[in-house]
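Undergrad: Listed below are the residues making up each chain.
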Amino acid sequence: MTVMRYREALNAALREELARDERVILMGEDIGVFGGAFKVTAGLLEEFGERRVRDTPISENTIVGMGVGAAMVGLRPVVELMTINFALLAFDQIVNHAAHIHYMFGGQARVPLVVRMPQGAGHQLGPTHSHCLEAFFMHVPGLLVATPSTPADAKGLLKAAIRDENPVIFIEHESLYGQRGEVPAAEDHIQGFGEAAVRREGADVTIVGISRMALTAERAAQTLADEHGVRAEVIDPRTLRPLDLDTILRSVANTNRCVVVEEGWPHGGVGANLGALIAEQAFDDLDAPVRRVTGADVPMPYSKPLEDIAYPHEPQIVHAALEVLGQVPAGGAAVGNRGAARGAGGIGGASGAGRTGGQR
Amino acid sequence: MSHPLPDPDTAREWLATMTLIRRFEERAGEMYARAKVGGFLHLSIGEEATIVGSARALRTSDYLISTYRSHGHALVRGTPPRNVMAELFGRVDGCSGGRGGSMHMFDLERRFMGGYGIVGGNLPIAAGIALASDYRGEDDVTLCVFGDGASNQGTFGETLNLAALWRLPVVFMVTNNQFGMGTALGRHSAVTDLQRKGESLGVPGVRCDGMDVLDTHAVVSEALRRVREERRPLLVEAVTYRFRGHSMADPEEYRTKEEVAQWRERDPIPAFGDLLEREGIVDAPEREQIDERSRAQVDEAVAFAEASPFPPPDSLYDDVYVLGEQVHGWYSVRTSPPQDGATAAQPPADGPGTASTGEIPQQITSALQAGEDA
Chain H
166 MTVMRYREAL
176 NAALREELAR
186 DERVILMGED
196 IGVFGGAFKV
206 TAGLLEEFGE
216 RRVRDTPISE
226 NTIVGMGVGA
236 AMVGLRPVVE
246 LMTINFALLA
256 FDQIVNHAAH
266 IHYMFGGQAR
276 VPLVVRMPQG
286 AGHQLGPTHS
296 HCLEAFFMHV
306 PGLLVATPST
316 PADAKGLLKA
326 AIRDENPVIF
336 IEHESLYGQR
346 GEVPAAEDHI
356 QGFGEAAVRR
366 EGADVTIVGI
376 SRMALTAERA
386 AQTLADEHGV
396 RAEVIDPRTL
406 RPLDLDTILR
416 SVANTNRCVV
426 VEEGWPHGGV
436 GANLGALIAE
446 QAFDDLDAPV
456 RRVTGADVPM
466 PYSKPLEDIA
476 YPHEPQIVHA
486 ALEVLGQVPA
496 GGAAVGNRGA
506 ARGAGGIGGA
516 SGAGRTGGQR
Chain P
4 MSHPLPDPDT
14 AREWLATMTL
24 IRRFEERAGE
34 MYARAKVGGF
44 LHLSIGEEAT
54 IVGSARALRT
64 SDYLISTYRS
74 HGHALVRGTP
84 PRNVMAELFG
94 RVDGCSGGRG
104 GSMHMFDLER
114 RFMGGYGIVG
124 GNLPIAAGIA
134 LASDYRGEDD
144 VTLCVFGDGA
154 SNQGTFGETL
164 NLAALWRLPV
174 VFMVTNNQFG
184 MGTALGRHSA
194 VTDLQRKGES
204 LGVPGVRCDG
214 MDVLDTHAVV
224 SEALRRVREE
234 RRPLLVEAVT
244 YRFRGHSMAD
254 PEEYRTKEEV
264 AQWRERDPIP
274 AFGDLLEREG
284 IVDAPEREQI
294 DERSRAQVDE
304 AVAFAEASPF
314 PPPDSLYDDV
324 YVLGEQVHGW
334 YSVRTSPPQD
344 GATAAQPPAD
354 GPGTASTGEI
364 PQQITSALQA
374 GEDA
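So the protein lines, in turn, are chains H and P. Just so you know, my numbering puts 304 at position 139 of the first sequence, and the rest follows in order with no gaps. Just so you know, my numbering puts 143 at position 140 of the second sequence, and the rest follows in order with no gaps.
These are computed hints drawn from the structure, not numbers from a lab. Incorrect hints may have been included.
Unchecked claim - Here are the computed distance ranges between Cβ atoms for each label pair: (1) Glu215/H to Gly189/P: 40 to 46 Å; (2) Glu215/H to Glu232/P: 20 to 26 Å; (3) Glu141/P to Val198/H: 26 to 32 Å; (4) Pro254/P to Val198/H: 52 to 58 Å; (5) Arg199/P to Glu215/H: 28 to 34 Å.
Because the structure is a prediction, the values reported are computed rather than measured. Glycine residues also receive a C-beta, built at the ideal position from the N, C-alpha and C atoms.
Assemble the whole structure, with the sequences as input and the hints as a guide.
TA: Below, the structure written as structure tokens:
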């Protein structure tokens with residue numbers, strides 16, 4: 166094990182795969198001379214040269230589409246998009262092309278393409294640079310979707326993504342790039358898709374955290390243990406497509422209660438889908454409705470106090486867990502709407518639902 | 004423009020292939036009217052010289068990538084007519100396994116890299132294919148065909164710029180058939196001299212007479228030669244006309260019968276046949292034979308397509324993913340096989356889906372057709 170930052174783990178994965186496989190090339194805006202908007206690709210241009218590490222113009226749809234074409238004839242391109250919001254410019258190539266080509270041409274062509282992008286609020290980047298849109302991509306058959314939350318997973322999942330034969334949407338988180346963690350030193354550290362991680366064991370309530378929220382959920386679980394005597398089990402699905410529902414259902418069978426935490430919007434979100442899957446497949450295991458803690462149902466605002474309450478924090482997760490345990494009254498309004506922020510105490514509430522963006 | 008004729012065998016093959024495309028498209032239209040073919044059907048009748056002249060300028064190892072009007076491109080690359088027709092019929096023997104239909108023909112083996120249903124969607128993919136050729140040090144060129152309407156898409160500007168910047172071996176060929184669906188060129192593009200539309204992006208252009216197979220072949224050949232040697236992309240504008248509507252569902256209210264009739268006088272197939280006859284390469288009986296052979300090929304293709312089975316319902320989930328270490332079966336959700344009562348959209352975790360039983364897809368198809376006819 167070595168300790169490295171999330172961005173360093175990603176960098177190591179790219180470096181190792183570039184060295185291992187001549188078919189791997191990187192393309193993206195400012196990934197070379199500039200070193201990457203978040204420095205994930207720092208040093209790779211110097212090490213591997215312009216032939217393999219390619220600065221591109223600002224043309225997201227075409228960069229991704231070129232990745233599709235190059236992948237179809239045997240390269241393994243890794244495309245970096247500067248934020249997940251910019252990926253919307255490439256939605257045509259991602260959905261109509263990357264995701265569908267293998268199927269619509271009867272299995273003849275493969276698209277072993279990785280499209281990396283960071284998401285997430287917290288840096289006051291406002292409504293076009295801060296969203297969490299994993300639910301968009303999770304919706305699409307033909308794509309694989311990874312949401313690593315730790316340096317070890319960042320490295321292991323990225324290496325797995327590059328080696329996979331399918332198009333992968335690889336969703337990083339802006340607030341995690343500086344996070345440190347232990348990473349297996351072995352060059353062949355691979356984290357397979359479809360294997361959830363149980364970050365913390367507990368028998369009272371299952372908390373599923375997506376992307377950065379897996380870490381926030383872990384902190385909430387510690388608070389639940391320290392202050393409320395509640396043993397929460399924290400699960401990080403690591404990939405949303407495929408989704409390891411087995412691990413979640415096993416946990417729910419044991420705890421009978423579940424909270425899903427995500428930064429994205431509530432309506433049609435990851436938690437909405439997980440809630441439906443759990444209700445369909447484990448209804449009899451539940452002693453309380455599945456609760457969602459989500460981002461607020463608003464475009465991400467710029468102003469700091471508003472941004473702060475527009476995505477979930479630890480106190481809301483604690484509150485939701487206590488709620489499904491019946492230790493606090495189920496309160497607040499519907500998911501992510503205006504009533505939730507107001508009814509739960511509005512701006513600056515210190516605990517519980519007080520800072521809700523979209524609790525319940 | 005007069006160009007020297009190719010050798011007699013080549014000339015006859017061009018005439019035969021243009022004729023085959025014509026007869027194939029006519030029959031496809033008939034099959035559509037008889038509800039053997041679903042969805043949209045975009046015919047390339049009138050554009051045969053553009054298709055054959057350009058594709059015959061390619062080496063077999065070069066790549067061709069096309070649009071939703073792609074039956075002719077599959078045929079010219081050598082995909083058997085029976086597999087193209089079977090694709091239109093939605094059968095297992097279709098060149099895309101019945102998954103793509105008219106707009107999504109594909110033949111990897113023959114380096115026909117697909118028809119694409121999104122206008123302008125194929126340009127970035129073409130550049131990516133060319134990037135791979137360039138990266139590997141191979142001198143294959145990608146011929147990227149798209150319509151005049153696609154020249155207004157963002158991908159046109161993005162891709163031409165990138166291809167010029169990275170000196171990628173692509174010949175972009177805009178098939179200017181005068182209309183983006185029902186909108187005339189002058190009503191959809193501020194610049195109607197399409198050969199010039201790449202200039203500001205670093206991609207010089209040339210024009211060819213897309214109704215003349217010799218001119219198209221000569222211009223595209225020269226473009227391919229230059230791109231292969233000079234390592235920079237070129238734009239070719241092929242001026243042509245589709246004699247039929249945009250698709251079969253087109254009443255053609257945006258153009259006059261007179262205009263269509265005028266262009267039909269320049270029909271590229273009789274024009275080339277007459278030329279070959281004048282030059283003594285074919286005689287009238289041989290022209291008749293070529294036509295009969297094309298009709299026979301198309302007859303055989305229809306019979307084959309009719310006999311080919313529909314894909315079985317349990318193939319619904321095949322080829323959503325490439326299976327392997329990470330993806331063991333079709334699934335979005337990794338879970339134990341669903342219990343009784345699981346819905347159709349939840350196939351078992353580690354195998355092809357058993358989406359439904361019986362003849363549901365055909366029933367749905369029939370119901371839709373019934374609705375459409377009503």
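Undergrad: Each hint: holds or not?
TA: These are the hints, each one checked on the structure:
1. Glu215/H to Gly189/P: 40 to 46 Å: At 42 Å between Cβs, range holds.
2. Glu215/H to Glu232/P: 20 to 26 Å: With a Cβ separation near 22 Å, Glu215/H and Glu232/P satisfy 20 to 26 Å, so the hint holds.
3. Glu141/P to Val198/H: 26 to 32 Å: 28 Å, holds
4. Pro254/P to Val198/H: 52 to 58 Å: Since Pro254/P and Val198/H have Cβ atoms about 55 Å apart, the given range 52 to 58 Å holds.
5. Arg199/P to Glu215/H: 28 to 34 Å: 31 Å, holds
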